[in-house]
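**Student:** Below are the chains, spelled out letter by letter.
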Amino acid sequence: MNIQLKNKPAKAASAVRAINWNRIEDEKDLEVWNRLTGNFWLPEKVPLSNDIPSWATLRPEEQQLTIRVFTGLTLLDTIQNGVGSVKLMGDAVTQHEEAVLSNISFMEAVHARSYSSIFSTLCLTPDVDDAYRWSEENEFLQHKSAMIMEQYATDDPLKKKVASVFLESFLFYSGFYLPMYWSSRAKLTNTADLIRLIIRDEAVHGYYIGYKFQRGLEKLSEERRQEIKDFAFDLLLELYDNEAKYTQALYDSVGLTEDVKKFLHYNANKALMNLGYEALFPAEACKVNPAILSALSPNADENHDFFSGSGSSYVIGKAVATEDEDWDF
Amino acid sequence: MGEIVYFSSRSENTHRFVEKLRLAARRIPSGQAEAFHASSPYVLIIPTYSGEGGKGAVPKQVIRFLNDADNRKNIRGVIAAGNSNFGATFGIAGDIISAKCQVPYLYRFELLGTEEDVVNVRHGLERFWTRPPSKHR
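In the order they appear, the protein sequences are chains B and R. Residue numbers for the first sequence follow the numbering used here, beginning at 95 and rising by one. Residue numbers for the second sequence follow the numbering used here, beginning at 1362 and rising by one.
No lab work stands behind these hints, which were simulated from the structure alone. Treat the hints with care, since some could be wrong.
What the hints assert, rightly or not - Result set (BS3-like, lysine-lysine): computed pairs, CA atoms no more than 25 Å apart in a straight line:
| no. | chain 1 | residue 1 | chain 2 | residue 2 |
| --- | --- | --- | --- | --- |
| 1 | B | K122 | R | K1434 |
| 2 | B | K181 | B | K122 |
| 3 | B | K323 | B | K122 |
| 4 | B | K181 | B | K253 |
| 5 | B | K139 | B | K122 |
| 6 | B | K323 | R | K1381 |
| 7 | B | K122 | B | K313 |
| 8 | B | K313 | R | K1381 |
| 9 | B | K139 | R | K1381 |
| 10 | B | K122 | R | K1421 |
| 11 | B | K323 | B | K356 |
| 12 | B | K281 | B | K356 |
| 13 | B | K139 | B | K253 |
| 14 | R | K1416 | B | K381 |
| 15 | B | K281 | B | K122 |
| 16 | B | K313 | B | K323 |
| 17 | B | K381 | B | K339 |
| 18 | B | K313 | B | K181 |
What the hints assert, rightly or not - Short derived list, chain B residues pointing at chain R, Cβ under 7 Å:
| no. | residue |
| --- | --- |
| 19 | L130 |
| 20 | M243 |
| 21 | A247 |
| 22 | T248 |
To be verified - Label-pair distances were calculated between CB atoms; the ranges are:
| no. | chain 1 | residue 1 | chain 2 | residue 2 | range |
| --- | --- | --- | --- | --- | --- |
| 23 | R | G1414 | B | I146 | 50 to 60 Å |
| 24 | B | E316 | R | E1476 | 22 to 32 Å |
| 25 | R | K1416 | B | A112 | 25 to 35 Å |
| 26 | R | R1492 | B | D221 | 30 to 40 Å |
| 27 | B | E121 | R | M1362 | 58 to 68 Å |
| 28 | R | R1433 | B | I118 | 23 to 33 Å |
| 29 | R | D1429 | B | E312 | 28 to 38 Å |
| 30 | R | E1477 | B | I118 | 51 to 61 Å |
| 31 | R | E1476 | B | P154 | 22 to 32 Å |
| 32 | R | S1400 | B | E372 | 28 to 38 Å |
Just so it is clear, CB atoms sit at the ideal spot from N, CA and C, and this is done for glycine as well.
Next up, chain B with everything else stripped away, as it sits in the complex (with noise of 0.2 Å):
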């Protein structure tokens, strides 16, 4: 808990200070509020049962892979739920952070269950119950956990972010890279549309823990700064390297492995830009296939480079839906 006490030493009294949302400190808390609670949805509001005839076009390994890339999922978010957002939150600098941290904490509860709304629907219970013991069993789904929940047992307030941000902007990708392919093949589209709400909201996550991360990091002396500089990268690449294994253990046997390491490198990438760090993996190792790009994002794949001079001379964007009262012309 961070109600903060106002310590006033002369009179020895300290008061509980209430949330005020009209006194912001930090524009960020409200900016994110705002967009995290415009964002809110329940699974009930995907039509999950539409891909009923879907699912039983996948070959029985298929499914299995799909019910254990969920059941991965569902952990990560299970850590992020119950503990990651929670440990945060005992670090928060201003109150609203802390109540912006609790919608995330919420949504990860939401996104968890999410996954076995998708159970319930679409797999037969014992096949479920095998994912779950498998995913107790798998040494590197473990190892991962572990490796997160080290960091979330540290007094760090800034380790305990980076790991934060690694699991939200990384290590969800592995995952997220099969219903995103099954999507562009047409199957499970409904199933890809919740995975889409989610990738959004984690989006959220790792864009605001980073950016509180960075305004903890300019308080640092630059010896500290680098120490901890040394200390995210090294964990990004111990967690890779588990992560790559991960991947070969899940995909090699649909010949995905070498595909979903370019989702990875690509991810990894975007979870040290949230952290303020520069990009790690070359370009040419996170050429994302383009079929997965455009099923995370319908325009991905669009030319977007006038630049480039390829295709017609330029394009002028779409109209689109504006805020028309704000503007003049």
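Given chain B, work out where chain R should sit, using these hints.
**Tutor:** Just chain R, lined up with the frame of chain B:
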């Protein structure tokens, strides 16, 4: 070469990208944006804020800046940052400004941009400013 006019929130993502370009650039301030003017040709670089369906995607300060007809007449192109995780609204601030101001959406990058993005934009802008007069503008 024309200049770069850009906006960056306190996250400093767009600011970091612009710094890496090492080209003449001025930042639209967070407060008192009305006092900021662009009286010669420029390319605008801005982040996309992610709202439901693209609502609130263009930062208010940028809208205020563009509401000034003198500023608006000098815009020649827009470059926008975003995040592909936001799906259909990825980099949509660039689409909105491109449509509103009838200028090309020159380039889109994610977060603070990669080295590849920096090279593409730096070289692209050099060619853009030295290209023969276009009938489009």
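**Student:** Could you run down the list of hints and mark each one as holding or not?
**Tutor:** Status of the hints after comparison with the structure:
no.	hint	result
1	B:K122 - R:K1434	32 Å, violated
2	B:K181 - B:K122	20 Å, holds
3	B:K323 - B:K122	23 Å, holds
4	B:K181 - B:K253	11 Å, holds
5	B:K139 - B:K122	29 Å, violated
6	B:K323 - R:K1381	20 Å, holds
7	B:K122 - B:K313	18 Å, holds
8	B:K313 - R:K1381	24 Å, holds
9	B:K139 - R:K1381	43 Å, violated
10	B:K122 - R:K1421	14 Å, holds
11	B:K323 - B:K356	24 Å, holds
12	B:K281 - B:K356	22 Å, holds
13	B:K139 - B:K253	36 Å, violated
14	R:K1416 - B:K381	30 Å, violated
15	B:K281 - B:K122	38 Å, violated
16	B:K313 - B:K323	14 Å, holds
17	B:K381 - B:K339	20 Å, holds
18	B:K313 - B:K181	20 Å, holds
19	L130	10 Å, violated
20	M243	25 Å, violated
21	A247	28 Å, violated
22	T248	25 Å, violated
23	R:G1414 - B:I146: 50 to 60 Å	29 Å, violated
24	B:E316 - R:E1476: 22 to 32 Å	24 Å, holds
25	R:K1416 - B:A112: 25 to 35 Å	31 Å, holds
26	R:R1492 - B:D221: 30 to 40 Å	60 Å, violated
27	B:E121 - R:M1362: 58 to 68 Å	34 Å, violated
28	R:R1433 - B:I118: 23 to 33 Å	31 Å, holds
29	R:D1429 - B:E312: 28 to 38 Å	33 Å, holds
30	R:E1477 - B:I118: 51 to 61 Å	37 Å, violated
31	R:E1476 - B:P154: 22 to 32 Å	44 Å, violated
32	R:S1400 - B:E372: 28 to 38 Å	35 Å, holds
Hints 1, 5, 9, 13, 14, 15, 19, 20, 21, 22, 23, 26, 27, 30, 31 from the list above are not met by this structure, while the remaining hints are.
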